[in-house]
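Using the sequences plus the hints, can you model the full thing?
First to last, the sequence lines map onto chains A and B. What the first sequence shows, in our numbering, is residues 1052 to 1487, in sequence order. What the second sequence shows, in our numbering, is residues 15 to 444, in sequence order.
These are calculated hints, taken from the structure and not from any lab test. Hints may be right or wrong, so weigh each one.
[Claimed, not checked] Subject to a maximum C-alpha distance of 25 Å in a straight line, what follows is the list of computed DSS-like cross-link-like pairs (lysine-lysine): (1) Lys223/B <-> Lys169/B; (2) Lys1148/A <-> Lys140/B; (3) Lys169/B <-> Lys140/B; (4) Lys223/B <-> Lys1148/A; (5) Lys43/B <-> Lys73/B; (6) Lys266/B <-> Lys413/B.
[Said to hold, decoys possible] Covered, in the sense of this in silico footprint (three residues per stretch, anywhere, with C-beta under 8 Å from a C-beta of chain A), are these stretches of chain B: (7) 38 to 50; (8) 165 to 179; (9) 387 to 395.
No residue lacks a Cβ here, since even glycine has one placed at the ideal position from N, Cα and C.
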Amino acid sequence: MKDIVIFVNAIRPSTFGALALHEKTTGQHFTPIVLVDENIQSSIEERNAQSRHLHAVRRITADFNSPGSVRRALEPYLNRIFAVTCQYENSIHELRKLAPLLPYLHLPTESSLTWATEKLHMRQLLEAYDPALTPPYINVSDASEATMRAIEDRMTYPVVIKPSGLEGSLLVSLAHNRHELQDAIASTARQMQAAYDKWVKRQTPTMLVEQFMPGEMYSVDTYVSPTGHCTHTPVVHVVTGRNVGFDDFFGYSRLLPSGLSTVDENGARAAAEHACRALGLRAVTAHVELMKTPTGWKIIELGPRIGGYRHDMFMHGYGLNHIVNDILNRGGVEPIIPETLQNHTVLLNLYAHAEGTLRTITGAQSLTSLPSFKSLNQVYQLGEEVAFAKNNGDPILEVMLSHPDKTQVDADISAVEHAISFTVEPVLQQALAHAR
Amino acid sequence: MSSLANDAGKNIAVFVNDYFQEFEDALHKLSKRLGRPLHAVVFIDAKIQAEHRHSLDAKGPFEQIVVDFSDDAALRRAVKPIEDQLLLVTCSSDGNQPYLEKLLPFVPYVLGPTESSLDWATHKAKMRMLMEQYDDSLVPRYQMIESASAAELQKVTSRLSFPVIVKPTGLAASLLVSRAENATQLHSIVSQSFAVLADVYRRDGGRGKPAMIVEEFIDGDMYTIDVYVAEDGRIWALPFLRARTAYSLGLKGFYEFQADSHVELTEKQAADGRQAATNAVHALGLRSCVAHIEMFHTAKGWKIIELGPRAGGQRQDIYLASFGIDHAYNELLLKVGLEPEVDITRRAYATTIYLYPETEGEITAIEGVDDARTNPSVYNLHVHGAPGDVALHSSNGGKWLVRGLLTNPDKNQLYRDAETVRSTIKIKTR
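Structure follows, in structure tokens:
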């Protein structure tokens, strides 16, 4: 009986409910086991907030640098493993190490995992596969005159500066001219190592500059089967911080359904499929972020794992069990994709308009009474330092709304925006107060 | 039937750097079996082609795609036009496995080994580490060294007992393999080997950084076995061959002096040997490939000395002549997800010969080859070298000059003929 699912390093808390629901609806039972690399156990579990649900799952450890250690850890379960999955981008490094040690299971190639977690490799291969998939880009290490000339020869302002190995708009910034570009490169270079450490990234930090793409942002999660067959989730519309007045690229709201025509949704899916093909992905779920531009669909980036918030969004929106589909697909079984919309769904990421020490959050309690309210997650506590995504910060609150009536969801989004406010004491103000 | 074999749109077989006649013949057989035309495409690394290190022995027709294998974007572009038609990818020689390793992530929807398993299986130190971690009785004790410094040699003498065997980590075919009885000999052998190691790696496409491995000498009888590994790890083992090194027969060098298709193992011994070979394959995580395994049967059981993720040299002809097993065809069957055809009913006895010069130096003549070819037991006889070439012993990095296979239903006649052929051929050097 193949019933065990190995989760590399960490498991998302929604997984337990997803597995229970799957068993209830299909009768198929999966036993989750978390396999953690003991070399990074404490940092990875802290970063991925595992402490609250570790008691609910069997956890085994191994030294991922030692094939013998991994083999011994998995020995009792080998004949029962249905699939191996990795739900967090910061654990793809360990999935890559596991792939050659579990050769008789469906797993992605080692190189494809490297390519899909490094923006420079990713862009090189996307460009080689189809130049239309990516904007012009260049790898940079400094803000020298030669670098500026190389950038300006290949693209026009505005340009986007981003680290090669981080996802989620972290340290991503925009420059409209050479002066801003030099500042942004210097600033990103200063913060990159700390950000890689914070997010437990094991790559060498490098930086990309690419042509800014005008357009609307969307995402799709694509299940790539072991033989390369792609099936897709519904497309999600992403409204960035820039769209709502922030000087930042973070995803402010994620909206389901996307509002795209069928033709456009198919276009987004085709572009995602090309991206997965370009990187040689297989036996994996790919979270693909795209931009709909006047010249067609462009790939912003791709991650070889399910997208953040997507399980809950698809579950509320379509009754689509994304976490289980990820497992089924990796095990060589076709995912189950309901196509009927049940609820309009939105996930809001709420940031403060200033950086500094979080002093107050008001209005949060009132959200629970909204007709479409589903969940509220407070990421930062009072007294903690908050920052914009471009400076390596998380949202303060994550709010999920879902309702069959779109007008109700729209009304509740407005209600959230009016209800919530943050007081943040800017760092400069704190320093002055301290000096006085 | 597997999904690849069953998909009428999949009709391209890719070979890497080499394309030999046996694979062209095997592809024709596979084409008949699948009931559709199949086409061969040979991917050739640009540098390999520039240095004329590729081998295109098949009659053709076949397409060649020359690409810089060190350039990921170039490989991606080269694969794209044919990726939807890809049926299989294979690579027959040990030296070209690193190129297969580079190509594999660009062809993820055909069957093949993992990238790391190819790296492990072509690097003697990594191979031993993996096998030791899987089952420490599988391999003799060993130590890798990266130079001939006193500190590196101290690692050997503090860990291993003499006599020891010294061999490069990333070369095949017994090149630069020597035996040392004591620390003084070890120092001398290692110093000489490191002096030429970089050049031999360059010449033969050595894997990884040039380094040597030292392992305790194993007292026992040497055998080889080729096995087929399916995508799910199932294994079909071919019959054992008894291998005799030159050293075991009192000659210089550790090259395979002869391999015989009949063995005198008990069924229990053979079963244990097959299990050891299976463990070695699984220790390296190999799949969807042929593995050639060299092993010793010792008083303490079976020990693995080498494993290559490809067919053994001359095994196509040995297995075909002895048992009617088409090794290349079976390799292609594995690559499309079908079971190999393995019938081990004996048809004849077979033995191989490898000839090196008695004395190193410039070749002045290789005589008697045509005469030898008239011997009724000779199945094939190949000459590698010509007057004017420099001939070296294998322990100094030299390659065989004459190689052949003899086969006969009469075992005694076979060995009489083998002796005749050996004595007929004269390699003269000065």
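How the hints compare with the structure:
{"no.": "1", "hint": "Lys223/B <-> Lys169/B", "in the structure": "holds, 19 Å"}
{"no.": "2", "hint": "Lys1148/A <-> Lys140/B", "in the structure": "holds, 15 Å"}
{"no.": "3", "hint": "Lys169/B <-> Lys140/B", "in the structure": "holds, 17 Å"}
{"no.": "4", "hint": "Lys223/B <-> Lys1148/A", "in the structure": "holds, 21 Å"}
{"no.": "5", "hint": "Lys43/B <-> Lys73/B", "in the structure": "holds, 15 Å"}
{"no.": "6", "hint": "Lys266/B <-> Lys413/B", "in the structure": "holds, 13 Å"}
{"no.": "7", "hint": "38 to 50", "in the structure": "violated (count 0)"}
{"no.": "8", "hint": "165 to 179", "in the structure": "violated (count 0)"}
{"no.": "9", "hint": "387 to 395", "in the structure": "violated (count 0)"}
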